[in-house]
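Asker: Sequence:
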Amino acid sequence: MLSAQMFVDYQNLHLSAHGTFTPYGTPVHEALIHPGRFADQVIAGWKDDPVSIKQIHVFRGLPNSRREPDANSRVNRQHNQWKRDPRVIIQTGS
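Residue 1 is where the sequence shown starts when you use UniProt numbering, and the numbers rise one by one after that.
One or more hints might be untrue.
Said to hold, decoys possible - Label-pair ranges, simulated between beta-carbon atoms: (1) A4 / Q81: 21 to 27 angstroms; (2) S3 / Q91: 17 to 23 angstroms; (3) N72 / A44: 19 to 25 angstroms; (4) W46 / R67: 37 to 43 angstroms.
Derived by calculation from the structure, the hints in this document are not laboratory data. Values in this document were obtained by computation on a predicted structure and should not be read as measured data. Every residue, glycine too, gets a C-beta built ideally from N, C-alpha and C.
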């Protein structure tokens, strides 16, 4: 079995999926993507040799906790949920 790592630019993935798959007017925060589930869908479509995703590196910004406390809290809750998948490694911008 092949093994691989996945690298995700979360903001680009999130906004592209929102623009492509949601009805016009849907709030952006209602079109979230779980990196682990996304990786599982990618490998499910792999037609050749079986692939195991060993790590999923997610690059994502983090809202300032003083300026945007609600957004910061929401993103941290998402990160905590994602990290339940041991493959997910989150890198936030500084």
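Asker: For each hint, tell me whether it holds in the structure or not.
Answerer: Outcome of the hint check:
1. Take A4 and Q81: their Cβ atoms lie about 23 angstroms apart, and the range 21 to 27 angstroms holds.
2. Separated by about 20 angstroms at the C-beta atoms, S3 and Q91 satisfy the suggested range of 17 to 23 angstroms.
3. Under the hint 19 to 25 angstroms, the C-beta atoms of N72 and A44, about 33 angstroms apart, miss the expected range.
4. For W46 paired with R67, a C-beta distance near 42 angstroms keeps the hint of 37 to 43 angstroms intact.
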